[in-house]
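Asker: Sequence:
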Amino acid sequence: MRMADALKIMAWDDSRCTAPIAAASSAWFARTGVEIEIAARSLAAFNDQPLRELSPKCDLMVVDYPHVAKALEERAIVSFDKLADPAAIRPIAEAAIGNAQASFLIGEKCAALACDAACHLSAFRPDQFARLGREAPTTMGGVFALMESKPGTVAAALHHTDALSVLMSLAHGAGIPPDGGRRFFRDAGKASACAAALARFASKAPEYCWNSTPQEIFRIASAGAEIAYIPFTFGYSRMVEAGRGGWRFAPPPAGGGSLLGGAGMAVSSHSRRQAAAAEFALWYCGCEGQALAARNFGQPSRASAWDDPGASAESADFFNSARTTQEIAFVRPLASWWPAAQLELGAALVEELRRKSDPERIILALESVYGRHWTEAEA
Numbered sequence: 015m016r017m018a019d020a021l022k023i024m025a026w027d028d029s030r031c032t033a034p035i036a037a038a039s040s041a042w043f044a045r046t047g048v049e050i051e052i053a054a055r056s057l058a059a060f061n062d063q064p065l066r067e068l069s070p071k072c073d074l075m076v077v078d079y080p081h082v083a084k085a086l087e088e089r090a091i092v093s094f095d096k097l098a099d100p101a102a103i104r105p106i107a108e109a110a111i112g113n114a115q116a117s118f119l120i121g122e123k124c125a126a127l128a129c130d131a132a133c134h135l136s137a138f139r140p141d142q143f144a145r146l147g148r149e150a151p152t153t154m155g156g157v158f159a160l161m162e163s164k165p166g167t168v169a170a171a172l173h174h175t176d177a178l179s180v181l182m183s184l185a186h187g188a189g190i191p192p193d194g195g196r197r198f199f200r201d202a203g204k205a206s207a208c209a210a211a212l213a214r215f216a217s218k219a220p221e222y223c224w225n226s227t228p229q230e231i232f233r234i235a236s237a238g239a240e241i242a243y244i245p246f247t248f249g250y251s252r253m254v255e256a257g258r259g260g261w262r263f264a265p266p267p268a269g270g271g272s273l274l275g276g277a278g279m280a281v282s283s284h285s286r287r288q289a290a291a292a293e294f295a296l297w298y299c300g301c302e303g304q305a306l307a308a309r310n311f312g313q314p315s316r317a318s319a320w321d322d323p324g325a326s327a328e329s330a331d332f333f334n335s336a337r338t339t340q341e342i343a344f345v346r347p348l349a350s351w352w353p354a355a356q357l358e359l360g361a362a363l364v365e366e367l368r369r370k371s372d373p374e375r376i377i378l379a380l381e382s383v384y385g386r387h388w389t390e391a392e393a
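Under the numbering used here, think of the first position of the sequence shown as 15, with each following residue one higher.
It is worth saying that the hints were derived from the structure and are not from the lab.
Since we're looking at a predicted model, the values are computed, not measured.
Backbone N, C-alpha and C fix where the C-beta goes; we use that ideal spot for every residue, glycine too.
Errors might be hidden in some of the hints.
Listed next, the in silico SDA-like pairs over lysine to any residue satisfying Cα-Cα at most 20 Å (straight line) [claimed, not checked]: (1) Lys22 - Gln63; (2) Lys218 - Phe158; (3) Lys71 - Ser283; (4) Lys84 - Lys218; (5) Lys123 - Ala102; (6) Lys22 - Ala290; (7) Lys84 - Leu119; (8) Lys164 - Lys218; (9) Lys123 - Val345; (10) Lys22 - Ala53; (11) Lys123 - Ile103; (12) Lys22 - Ser40; (13) Lys84 - Leu348; (14) Lys370 - Ala210; (15) Lys204 - Glu374; (16) Lys218 - Ser40; (17) Lys370 - Val345; (18) Lys123 - Arg104; (19) Lys164 - Ile234; (20) Lys84 - Ala102; (21) Lys84 - Glu390; (22) Lys96 - His284; (23) Lys204 - Gly155; (24) Lys218 - Glu240.
Computed Cβ-Cβ distance ranges for the label pairs, DEER-style [unchecked claim]: (25) Glu51 - Asn334: 33 to 39 Å; (26) Ala33 - Ser382: 15 to 21 Å; (27) Arg386 - Gly270: 28 to 34 Å; (28) Thr46 - Gly385: 49 to 55 Å.
Please construct the entire structure, taking both the sequences and the accompanying hints into account.
Answerer: Structure below.
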């Protein structure tokens, strides 16, 4: 098959996504003779870009779950219910870790197949803490103490939706994760306490955090910054390598709270080869493909792949360290209006944090934005 006829997959530009898909593409070609061409977009685009803009450019898209309801509404993707027998989809759903596959169910429709599992974790560098002569913190109080005693050693992404993600993980730990109801947070007092913790962190964080994504925080650390601890980030199993910082991962200091990340594979409505695209996705998101992903620095959505001793050994026990948090991570609202609301909420949150607004004002500002989106959607 000529490369011009290859299946085109739009990934995102990190080896957590591209390395396992590249390995799977080679295996798929050996198995079927079908070539796969991989393109990638930035993490910021993965988080925020509407899928209707990607749909004409590929056969398959690796997507963030908050976008799939809008993508179905705009007919940018095709539900797997139209492409595959339920008997082929069911084992993927039943084998998924935590809410990995549930996050791609829009009503009764399977909008995408989970292929990557992630959630908010903390990350720390044992070598740095050995030099500091202390242990990595496990509570926000410990985070603040480290920031005050050792400035510059703690950082986290605060770029719009990343700042919002931190607030939502804190809210989950407080028992009030956003659930898509009339109010963003169902308890204003608890929400204000979470906003106070985030505001205190933001006031002490290095300036570069405001313009950084989670990937960029790791890059800055690799470039020589004295970052020893990241209280909120998504897991990247490859970052455990010595040449990438020798990071280790643990639950975030959010009282048991964590926001679900991860990714799924969706079939483009513009693809002329939807059946072939769905066939690859079903294989890659199934047992064989996910085992391959685990051994190629991916973070598989299949729970059994997290039990693979080889994958655990290669990743310095990443999967065991992250598993419990992954299993309980909460799902952001699965509504077509959420992506636009999330963008505006993130911008409003950063604006209030930069102004050093009091926590109650921060929550009022967010509830105003959220309430407008919710009301317009219900009208």
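Asker: Hint by hint, say whether it matches the structure.
Answerer: Against the structure, the hints come out as follows:
Distance hint between Lys22 and Gln63 is fulfilled; the C-alpha atoms sit about 18 Å from each other, no more than 20 Å. In summary, the hint linking Lys218 to Phe158 is supported, as the alpha carbons are separated by about 8 Å, within the 20 Å threshold. Straight-line distance between C-alpha atoms of Lys71 and Ser283 comes to about 10 Å, which keeps the hinted pair within the 20 Å bound. Of the pairs offered as hints, the one joining Lys84 and Lys218 is violated, with about 37 Å between alpha carbons and a cut-off of 20 Å exceeded.
At most 20 Å may separate the alpha-carbon atoms for a hinted pair to count; Lys123 and Ala102 meet this at roughly 14 Å. For the suggested pair Lys22 and Ala290, the alpha carbons sit about 11 Å apart, so the restraint of at most 20 Å is met. For the hint linking Lys84 to Leu119, the alpha-carbon distance of about 13 Å falls within 20 Å, and the restraint holds. Taking the CA atoms of Lys164 and Lys218, the gap is near 11 Å; set against the 20 Å cutoff, the hint holds.
A threshold of 20 Å between alpha carbons decides the hint, and for Lys123 with Val345 the separation of about 16 Å falls inside it, so the pair holds. Note on Lys22 and Ala53: the hinted pairing holds, with a Cα-Cα distance of about 7 Å set against a maximum of 20 Å. Proximity of Lys123 to Ile103 is assessed by CA-CA distance (about 11 Å); at most 20 Å being required, the pair is judged to hold. Among the hinted pairs, Lys22 with Ser40 is consistent with the structure: their alpha-carbon atoms are about 14 Å apart, no more than 20 Å.
Using a Cα cut-off of 20 Å, the hinted pair Lys84 and Leu348 holds, with the two alpha carbons roughly 9 Å apart. Our distance criterion of 20 Å between C-alpha atoms is met by Lys370 and Ala210, whose separation comes to about 10 Å. Distance hint between Lys204 and Glu374 is fulfilled; the C-alpha atoms sit about 10 Å from each other, no more than 20 Å. Distance check on the hinted pair: Lys218 and Ser40 sit about 46 Å apart at the alpha-carbon level, beyond 20 Å; violated.
The straight-line distance between the Cα atoms of Lys370 and Val345 is roughly 29 Å, outside the 20 Å bound, and the hint therefore fails. The suggested pairing of Lys123 with Arg104 holds, with an alpha-carbon distance near 12 Å, which does not exceed 20 Å. Restraint check for Lys164 and Ile234: the C-alpha separation of about 17 Å stays at or below 20 Å, so the hint holds. Simply put, Lys84 and Ala102 have alpha-carbon atoms about 25 Å apart, too far for the 20 Å limit, and the pair is violated.
Distance restraint check for Lys84 and Glu390: the Cα-Cα separation of roughly 15 Å lies within the 20 Å cut-off, and the hinted pair is therefore satisfied. With a C-alpha separation of about 15 Å, the suggested pairing of Lys96 with His284 holds against the 20 Å cut-off. Pair hint Lys204 plus Gly155 holds up; C-alpha atoms about 17 Å apart against a cutoff of 20 Å. Proposed proximity of Lys218 and Glu240 is supported: the alpha carbons are some 15 Å apart, at most 20 Å.
Evaluation of the 33 to 39 Å hint for Glu51 and Asn334 yields a pass: the beta carbon distance comes to about 35 Å. A hinted range of 15 to 21 Å for the beta carbons of Ala33 and Ser382 is inconsistent with their spacing of about 42 Å. The hint said 28 to 34 Å for the Cβ distance between Arg386 and Gly270, and at roughly 31 Å that hint holds. For Thr46 and Gly385, the Cβ-Cβ distance of about 50 Å falls inside the hinted range of 49 to 55 Å, so the restraint holds.
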